[in-house]
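K.L.:
Given chain V's structure and the hints, the job is docking chain F onto it.
Order-wise, the sequence lines are chains V and F. Once you know that position 143 of the first sequence is 143 in my numbering, the rest is easy, because the numbers rise by one and skip nothing. Once you know that position 1 of the second sequence is 409 in my numbering, the rest is easy, because the numbers rise by one and skip nothing.
If you're looking for bench data, these hints aren't it; they were derived computationally from the structure. Wrong hints could be hidden among the right ones.
[As the list claims (entries may be wrong)] Below, a list of computed lysine-lysine pairs in the DSS-like style, where the Cα atoms sit at most 25 Å apart:
id	chain 1	residue 1	chain 2	residue 2
1	F	K478	F	K589
2	V	K330	V	K89
3	V	K272	V	K249
4	V	K77	F	K583
5	V	K317	V	K272
6	F	K583	V	K89
7	F	K502	F	K485
8	F	K523	V	K249
9	F	K502	F	K486
10	V	K337	F	K478
11	F	K589	V	K89
12	F	K486	F	K497
13	F	K502	F	K478
14	V	K272	F	K523
15	F	K589	F	K504
16	F	K504	F	K478
17	F	K486	F	K505
18	V	K317	V	K283
19	V	K283	F	K523
20	V	K337	F	K589
21	F	K504	F	K485
22	V	K317	V	K177
23	V	K89	V	K337
24	F	K505	F	K589
25	V	K337	F	K505
26	F	K505	F	K478
27	V	K77	V	K249
28	F	K497	F	K485
29	F	K478	V	K89
30	V	K283	V	K272
Just so we're clear, the structure is a prediction, and the values are computed from it rather than from any experiment.
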Amino acid sequence: MSAPSENSPSAVRPPSSGADPSAFPGLTSAPGSNIRAVNDPFHGDLLEVSMGPHHPSTHGVFRMMVTLDGEVVVKLKPVFGYLHRNHEKLGENTTYLASMPYTDRLDYLCSMTNNWAYALAVEKLAGQPVPERAEYIRLILAELTRLLNHVCLAGFLLQDCGASGTPLMYAFREREKILDLFESLSGSRMMCNYQRFGGCRIDPSAEWLDRVRALVAGFPRFLDEFERLITGNEIMMARTPGVGCLSPKLAISAGITGPMLRAAGVDYDLRKVDGYGIYPRYKFRVPLGAHGDTYDRYMIRVLEMRESLGLLEQVMKDIPGGPIMDPKAKLRGLRPKAGEAYGRIEGPKGEIGFFLISDGSPNPYRYRVRPPSFVNLTVLEDLCLGHTIADAVIILGSIDIVLGEVDR
Amino acid sequence: MQTPEQIRDRLLARFPGAGVTFVANPGASAQHSLLLAASEARAIAEFLRDDPELALDTCSNVTGVDWPEKEIVETIKKNVPDPAGGPDKVVEEKMKKTQPGCLEVIYHLYSMSRKQGPVVIRLRTGNRTDNVTLPSLTPVWRACDFQEREVYDLFGIVFAGHPDLRRILMWDGFKDHPMRKDYVDPDDFEWEPTPHDDVLERAKEHYPAAPVTAAPTASPTPEGKA
Numbered sequence: 001m002s003a004p005s006e007n008s009p010s011a012v013r014p015p016s017s018g019a020d021p022s023a024f025p026g027l028t029s030a031p032g033s034n035i036r037a038v039n040d041p042f043h044g045d046l047l048e049v050s051m052g053p054h055h056p057s058t059h060g061v062f063r064m065m066v067t068l069d070g071e072v073v074v075k076l077k078p079v080f081g082y083l084h085r086n087h088e089k090l091g092e093n094t095t096y097l098a099s100m101p102y103t104d105r106l107d108y109l110c111s112m113t114n115n116w117a118y119a120l121a122v123e124k125l126a127g128q129p130v131p132e133r134a135e136y137i138r139l140i141l142a143e144l145t146r147l148l149n150h151v152c153l154a155g156f157l158l159q160d161c162g163a164s165g166t167p168l169m170y171a172f173r174e175r176e177k178i179l180d181l182f183e184s185l186s187g188s189r190m191m192c193n194y195q196r197f198g199g200c201r202i203d204p205s206a207e208w209l210d211r212v213r214a215l216v217a218g219f220p221r222f223l224d225e226f227e228r229l230i231t232g233n234e235i236m237m238a239r240t241p242g243v244g245c246l247s248p249k250l251a252i253s254a255g256i257t258g259p260m261l262r263a264a265g266v267d268y269d270l271r272k273v274d275g276y277g278i279y280p281r282y283k284f285r286v287p288l289g290a291h292g293d294t295y296d297r298y299m300i301r302v303l304e305m306r307e308s309l310g311l312l313e314q315v316m317k318d319i320p321g322g323p324i325m326d327p328k329a330k331l332r333g334l335r336p337k338a339g340e341a342y343g344r345i346e347g348p349k350g351e352i353g354f355f356l357i358s359d360g361s362p363n364p365y366r367y368r369v370r371p372p373s374f375v376n377l378t379v380l381e382d383l384c385l386g387h388t389i390a391d392a393v394i395i396l397g398s399i400d401i402v403l404g405e406v407d408r
Numbered sequence: 409m410q411t412p413e414q415i416r417d418r419l420l421a422r423f424p425g426a427g428v429t430f431v432a433n434p435g436a437s438a439q440h441s442l443l444l445a446a447s448e449a450r451a452i453a454e455f456l457r458d459d460p461e462l463a464l465d466t467c468s469n470v471t472g473v474d475w476p477e478k479e480i481v482e483t484i485k486k487n488v489p490d491p492a493g494g495p496d497k498v499v500e501e502k503m504k505k506t507q508p509g510c511l512e513v514i515y516h517l518y519s520m521s522r523k524q525g526p527v528v529i530r531l532r533t534g535n536r537t538d539n540v541t542l543p544s545l546t547p548v549w550r551a552c553d554f555q556e557r558e559v560y561d562l563f564g565i566v567f568a569g570h571p572d573l574r575r576i577l578m579w580d581g582f583k584d585h586p587m588r589k590d591y592v593d594p595d596d597f598e599w600e601p602t603p604h605d606d607v608l609e610r611a612k613e614h615y616p617a618a619p620v621t622a623a624p625t626a627s628p629t630p631e632g633k634a
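Chain V with its partners taken away, still in its complex shape:
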């Protein structure tokens, strides 16, 4: 690398190949992605750091090949696949029903929404209706999953900022309460394997529903306490505003979904857009960010938790009785007629979709998972360029990835 001449502002380093915005014509790169001019006469060579795969801040076995100029990131290439087990091939070699427990292992924090997305795709493929009560249970479980995922994310984000321990433990205390509910309903805390094509597996008792009501009633108190602790917190305000800004244009083009997209100010929530399940019957608002920075991404999640609680309060009032499975639904030996279907729902991390092709046999001919974490990682480099390596850690934390889903 040749040293830049003098301290002139024009002394800009040639951008590295990966960071070259001209690689994507027709797109303006995200704010903050321009490479800074280095006018420091003492600067040395660029330093390439392999961060991960075994690094506590990478949320699993994820590696970032970071090229640093001093502390500033000038190039970042995500490397993953350490947890790859070819989930899609497994899906093609098993029956439709046998893939259901495997979907728990994708995003292992949100097994209930993974189950629902898969069940929805198969129901589309087979033209399978779902009874009313099952739709209510699905919505309750999906919103509980959203609470659990977002509260974990907030805890981990603070951990990444250096607030070691305390916020995470507060968050995990609440998460445990939700996991207890999942366990008493499905028999497993995290690997729930609960949804079925045409309904769900176990009918919740009235006592279980009362426990959900108690949790929903108590959760806002925790959220207030948590926000007092964190939202205006000095560490938070020093580290997150203005860090990792994502422009709406890039977000849309890059297929970003979920809270990360809405933090960039794009009003797109599949619960509203697709109106699957019984979401259109209930009122809830879609919070939107203004800057698309890390702070917005945190705040959107807090606001979404409040909306989820409001939604749960409404839904818990009118749960109908009736069957939880369509009596005509076929589980074992399901052979949908030839065709294909793409089903997607708004998972806590974004659009989780399943694409299935059937050739009339008991196994899917093609089984594809559209993982939100994987697609959201596309813009990691754009967000991190120009920021310090310490900021890259919290930007990654705010994207909210689970490696079980990224690597599949």
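P.N.:
Just chain F, lined up with the frame of chain V:
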């Protein structure tokens, strides 16, 4: 939202003579798709993105499908005149045909600004061996970046014009494409080259020479049982 047939007609009006075929989906979901010829795919994709009525500004899902060569048995009924002058005999002839295989990429396009979709487009390669290049749509939708890399990795479709086409889930030294239907696991699939192997190789020259002694007569435990 326009139906796929309407979109096909508009595309044919805009790009006369372009290869746009309607592919019906007989399943319950009725998500029909459009098969595009590889040569015009990039221009058509840009049109779909920029057209104000469609405004398909995001690509949600990119996936590959492997269609290996298939033998189809066709039965043809033939009327054979009876030499004795009676009514014609119907003879069934069975013909064996080989349907050529191909690799396919499927894109699910949505519009975030107009909140509509999906429009499903498909591209097909010429065959499964030496003619597997398709145009990359990453310059049109950035969302295809990692997903096309995944299709390249697992199916072996080469995307011309992709800015950074490398393996993404399998390691760089891996040879085959595991999602193809005819893929067979190697026997030693646990083995993976690591940078550490090079270090061990270079370290060998620093090892002391092995002492010259008589070869041991017999090892106390057979290999593999220890």
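K.L.:
With reference to the structure, classify each hint as holding or not holding.
P.N.:
Structure-based check of each hint:
no., hint, result
1, F:K478 to F:K589, "12 Å, holds"
2, V:K330 to V:K89, "23 Å, holds"
3, V:K272 to V:K249, "21 Å, holds"
4, V:K77 to F:K583, "22 Å, holds"
5, V:K317 to V:K272, "21 Å, holds"
6, F:K583 to V:K89, "17 Å, holds"
7, F:K502 to F:K485, "9 Å, holds"
8, F:K523 to V:K249, "15 Å, holds"
9, F:K502 to F:K486, "11 Å, holds"
10, V:K337 to F:K478, "19 Å, holds"
11, F:K589 to V:K89, "9 Å, holds"
12, F:K486 to F:K497, "8 Å, holds"
13, F:K502 to F:K478, "16 Å, holds"
14, V:K272 to F:K523, "10 Å, holds"
15, F:K589 to F:K504, "22 Å, holds"
16, F:K504 to F:K478, "10 Å, holds"
17, F:K486 to F:K505, "18 Å, holds"
18, V:K317 to V:K283, "14 Å, holds"
19, V:K283 to F:K523, "19 Å, holds"
20, V:K337 to F:K589, "21 Å, holds"
21, F:K504 to F:K485, "14 Å, holds"
22, V:K317 to V:K177, "21 Å, holds"
23, V:K89 to V:K337, "21 Å, holds"
24, F:K505 to F:K589, "20 Å, holds"
25, V:K337 to F:K505, "24 Å, holds"
26, F:K505 to F:K478, "8 Å, holds"
27, V:K77 to V:K249, "22 Å, holds"
28, F:K497 to F:K485, "10 Å, holds"
29, F:K478 to V:K89, "20 Å, holds"
30, V:K283 to V:K272, "10 Å, holds"
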